[in-house]
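Chemist: Please build the complex by placing chain V on the supplied structure of chain G, with the hints as guidance.
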Amino acid sequence: MINSKYFFQGFKSIKGLDSPALALGASFIAIGALLKNIGFNLGQSIFSTFLTYALPGSLVMAESFLIGASLINIFLAVWLVNIRLYPMTVSLMPLLLHKSQPRWKYYLSCHFIAVSAWLIMKSNYQSIEKKHRIDFWIGIGTGTWSVAIVSTIIGFLASDYLNKDMMIGLAIVNPVYFTCMMVGAMKSLQISLSIILGAILGPAFFFISPEWSILYGGVSAGTIAYFVGEFK
Amino acid sequence: MSDISNNIILVILVTSFATYLSRFLGVVSSEKIKDTSKIFKWFNCIAYSVLAALIARMVVFPAGELAESAIFIRLFVVVVSVVMFLFTKRNLVYPTVASAIMLAILNNYLSI
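So the sequence lines, in the order shown, correspond to chains G and V.
Everything in the first sequence is counted per the numbering used here, starting at 1 for the first residue and increasing by one.
Everything in the second sequence is counted per the numbering used here, starting at 1001 for the first residue and increasing by one.
Mixed in with the good hints, there may be bad ones.
[Unchecked claim] Cut-off 25 angstroms, straight-line C-alpha distance, at most; resulting in silico cross-link-like pairs (DSS-like, lysine-lysine): (1) V/1038 to G/122; (2) G/99 to V/1034; (3) G/130 to G/5; (4) G/122 to V/1089; (5) G/36 to G/5; (6) G/232 to V/1089; (7) G/5 to V/1038; (8) G/187 to G/164; (9) G/232 to V/1034; (10) V/1089 to G/105; (11) V/1032 to G/5; (12) G/130 to V/1038; (13) V/1032 to G/99; (14) V/1041 to G/5; (15) V/1089 to G/131; (16) V/1041 to G/130; (17) G/15 to V/1041; (18) G/15 to G/99; (19) V/1089 to G/187; (20) V/1089 to G/130; (21) G/105 to G/36; (22) G/12 to G/164; (23) V/1038 to G/131; (24) G/105 to G/130; (25) G/232 to V/1041; (26) G/12 to V/1032; (27) G/99 to V/1038; (28) G/131 to V/1034; (29) G/187 to V/1041; (30) G/131 to V/1041; (31) V/1032 to G/122; (32) G/99 to V/1041; (33) G/12 to G/105; (34) G/5 to G/187; (35) G/232 to G/15; (36) G/187 to V/1038; (37) V/1032 to G/164; (38) G/12 to V/1034.
Quick caveat, the hints were computed from the structure, so don't treat them as lab data.
Values in this document were obtained by computation on a predicted structure and should not be read as measured data.
If we strip away everything but chain G, and leave its shape as in the complex, we get (with noise of 0.2 angstroms):
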């Protein structure tokens, strides 16, 4: 059903120099401590990452539940801010879609799609061929899923013991991982424009509208970069 051979060479990503386990493991452990703080309960913590396996969904989970948010409101805030997924999704599957593969594997496996899983799918893809490509990427969602999950176990336990510098430094783990990643997929000038571009207008709009700020420097950032790519 799964090759196992690519799944399990997708599966050890997630050790070795560039592992995603070290900024995924921070950043986790932050959530874990942060969902006992809220008052949630261990089974509970472990429930929110296995299911939504999303570190800026969490954060706003997290958040709205402390206000008392309703949950129409929780659904709207989570949604927009994990819209990035979407394009992520679509800029990812068609490079793993094979006819001989069945579709179940494609729907179930899209969970996995988080920054981390979907940076290394795209800097090792080519490297595999086509027909064995999902179950490599298989490997790998279940590899940083379970450094999520494990890491949300630790957070929660040891958040007695982290104090504010800690938590300082955990948190910005996962920014410098992720630039460092991006820097590194700076392969073509259409990439790497898309990367400034976006870094530089994300931001920007924050000051037009904090909700819409990074679909709206996303998508223009993204299609500027489209444009000068192809007409260059």
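Modeler: This is chain V only, laid out in the frame that chain G set:
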């Protein structure tokens, strides 16, 4: 107590549904998009830009704990970490570990 606990479960379910929705719709759209098409290329640019925008916002306008550090310290830590990444043959462990230590130290010495 059971009311709060039921409420937490509902909050988690709503959050995960709102998150899965974008992933699910992405797969539905992917069925009709070829990886060699122009629209795929466009979505690829947007995906990278949206991520860059998200990461830049985490650094410039952070939520939570990070907001308690000064912006120039955060930008300094990110720049030093990227330089470290480039000079260590793209090793990701050194810059990430160093960034946490740098920020914790700088935040203590420079913010008082």
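Chemist: It remains to establish, for every hint, whether it holds in the given structure.
Modeler: These are the hints, each one checked on the structure:
1. Between residue 1038 of chain V and residue 122 of chain G the CA atoms are separated by roughly 18 angstroms; this keeps the pair inside 25 angstroms, and the hint holds.
2. Between residue 99 of chain G and residue 1034 of chain V, the direct Cα distance comes to roughly 13 angstroms. Compliance with the 25 angstroms bound is thereby established for this hinted pair.
3. This hinted pair checks out: residue 130 of chain G and residue 5 of chain G have alpha carbons roughly 15 angstroms apart, not beyond 25 angstroms.
4. A C-alpha spacing of about 19 angstroms is found between residue 122 of chain G and residue 1089 of chain V, which places the hinted pair at or below 25 angstroms, so the restraint holds.
5. For the given pair, residue 36 of chain G sits about 38 angstroms from residue 5 of chain G by alpha-carbon distance, which is inconsistent with the 25 angstroms threshold.
6. The suggested pairing of residue 232 of chain G with residue 1089 of chain V is violated, with an alpha-carbon distance near 31 angstroms, which exceeds 25 angstroms.
7. This hinted pair does not check out: residue 5 of chain G and residue 1038 of chain V have alpha carbons roughly 33 angstroms apart, beyond 25 angstroms.
8. For the given pair, residue 187 of chain G sits about 38 angstroms from residue 164 of chain G by alpha-carbon distance, which is inconsistent with the 25 angstroms threshold.
9. Taking the CA atoms of residue 232 of chain G and residue 1034 of chain V, the gap is near 23 angstroms; set against the 25 angstroms cutoff, the hint holds.
10. Restraint check for residue 1089 of chain V and residue 105 of chain G: not satisfied, since their Cα atoms lie roughly 35 angstroms apart, outside the 25 angstroms limit.
11. Note on residue 1032 of chain V and residue 5 of chain G: the hinted pairing is violated, with a Cα-Cα distance of about 29 angstroms set against a maximum of 25 angstroms.
12. Taking the CA atoms of residue 130 of chain G and residue 1038 of chain V, the gap is about 20 angstroms. The hint holds against a cut of 25 angstroms.
13. Distance hint between residue 1032 of chain V and residue 99 of chain G is fulfilled; the C-alpha atoms sit about 13 angstroms from each other, no more than 25 angstroms.
14. Distance hint between residue 1041 of chain V and residue 5 of chain G is unfulfilled; the C-alpha atoms sit about 30 angstroms from each other, more than 25 angstroms.
15. At most 25 angstroms may separate the alpha-carbon atoms for a hinted pair to count; residue 1089 of chain V and residue 131 of chain G exceed this at roughly 31 angstroms.
16. Distance restraint check for residue 1041 of chain V and residue 130 of chain G: the Cα-Cα separation of roughly 18 angstroms lies within the 25 angstroms cut-off, and the hinted pair is therefore satisfied.
17. For the given pair, residue 15 of chain G sits about 30 angstroms from residue 1041 of chain V by alpha-carbon distance, which is inconsistent with the 25 angstroms threshold.
18. Distance hint between residue 15 of chain G and residue 99 of chain G is unfulfilled; the C-alpha atoms sit about 31 angstroms from each other, more than 25 angstroms.
19. About 15 angstroms separates the Cα atoms of residue 1089 of chain V and residue 187 of chain G, which keeps this hinted pair within 25 angstroms; it holds.
20. The straight-line distance between the Cα atoms of residue 1089 of chain V and residue 130 of chain G is roughly 29 angstroms, outside the 25 angstroms bound, and the hint therefore fails.
21. Distance restraint check for residue 105 of chain G and residue 36 of chain G: the Cα-Cα separation of roughly 33 angstroms exceeds the 25 angstroms cut-off, and the hinted pair is therefore not satisfied.
22. Under the criterion of a C-alpha separation no larger than 25 angstroms, the hint pairing residue 12 of chain G with residue 164 of chain G is inconsistent with the structure, at around 33 angstroms.
23. Between residue 1038 of chain V and residue 131 of chain G, the direct Cα distance comes to roughly 23 angstroms. Compliance with the 25 angstroms bound is thereby established for this hinted pair.
24. Between residue 105 of chain G and residue 130 of chain G the CA atoms are separated by roughly 14 angstroms; this keeps the pair inside 25 angstroms, and the hint holds.
25. In summary, the hint linking residue 232 of chain G to residue 1041 of chain V is supported, as the alpha carbons are separated by about 15 angstroms, within the 25 angstroms threshold.
26. Between residue 12 of chain G and residue 1032 of chain V the CA atoms are separated by roughly 31 angstroms; this puts the pair beyond 25 angstroms, and the hint is violated.
27. Between residue 99 of chain G and residue 1038 of chain V the alpha-carbon distance is near 22 angstroms, which keeps this suggested pair within the 25 angstroms criterion.
28. With a C-alpha separation of about 15 angstroms, the suggested pairing of residue 131 of chain G with residue 1034 of chain V holds against the 25 angstroms cut-off.
29. The suggested pairing of residue 187 of chain G with residue 1041 of chain V holds, with an alpha-carbon distance near 14 angstroms, which does not exceed 25 angstroms.
30. Restraint check: the Cα-Cα separation between residue 131 of chain G and residue 1041 of chain V comes to about 21 angstroms, which is no more than 25 angstroms; the hinted pair holds.
31. Restraint check: the Cα-Cα separation between residue 1032 of chain V and residue 122 of chain G comes to about 20 angstroms, which is no more than 25 angstroms; the hinted pair holds.
32. Of the pairs offered as hints, the one joining residue 99 of chain G and residue 1041 of chain V holds, with about 22 angstroms between alpha carbons and a cut-off of 25 angstroms not exceeded.
33. As the CA atoms of residue 12 of chain G and residue 105 of chain G are separated by approximately 20 angstroms, the hinted pair is consistent with the 25 angstroms bound.
34. The hinted pair formed by residue 5 of chain G and residue 187 of chain G fails the criterion: a straight-line CA distance of about 29 angstroms is larger than 25 angstroms.
35. Proposed proximity of residue 232 of chain G and residue 15 of chain G is contradicted: the alpha carbons are some 40 angstroms apart, above 25 angstroms.
36. Restraint check for residue 187 of chain G and residue 1038 of chain V: satisfied, since their Cα atoms lie roughly 18 angstroms apart, inside the 25 angstroms limit.
37. Distance hint between residue 1032 of chain V and residue 164 of chain G is unfulfilled; the C-alpha atoms sit about 48 angstroms from each other, more than 25 angstroms.
38. Taken as a hint, the residue 12 of chain G and residue 1034 of chain V pair is broken in the structure, with Cα atoms around 29 angstroms apart against an allowance of 25 angstroms.
Checked against the numbered hints above, the structure violates hints 5, 6, 7, 8, 10, 11, 14, 15, 17, 18, 20, 21, 22, 26, 34, 35, 37, 38; every other hint is satisfied.
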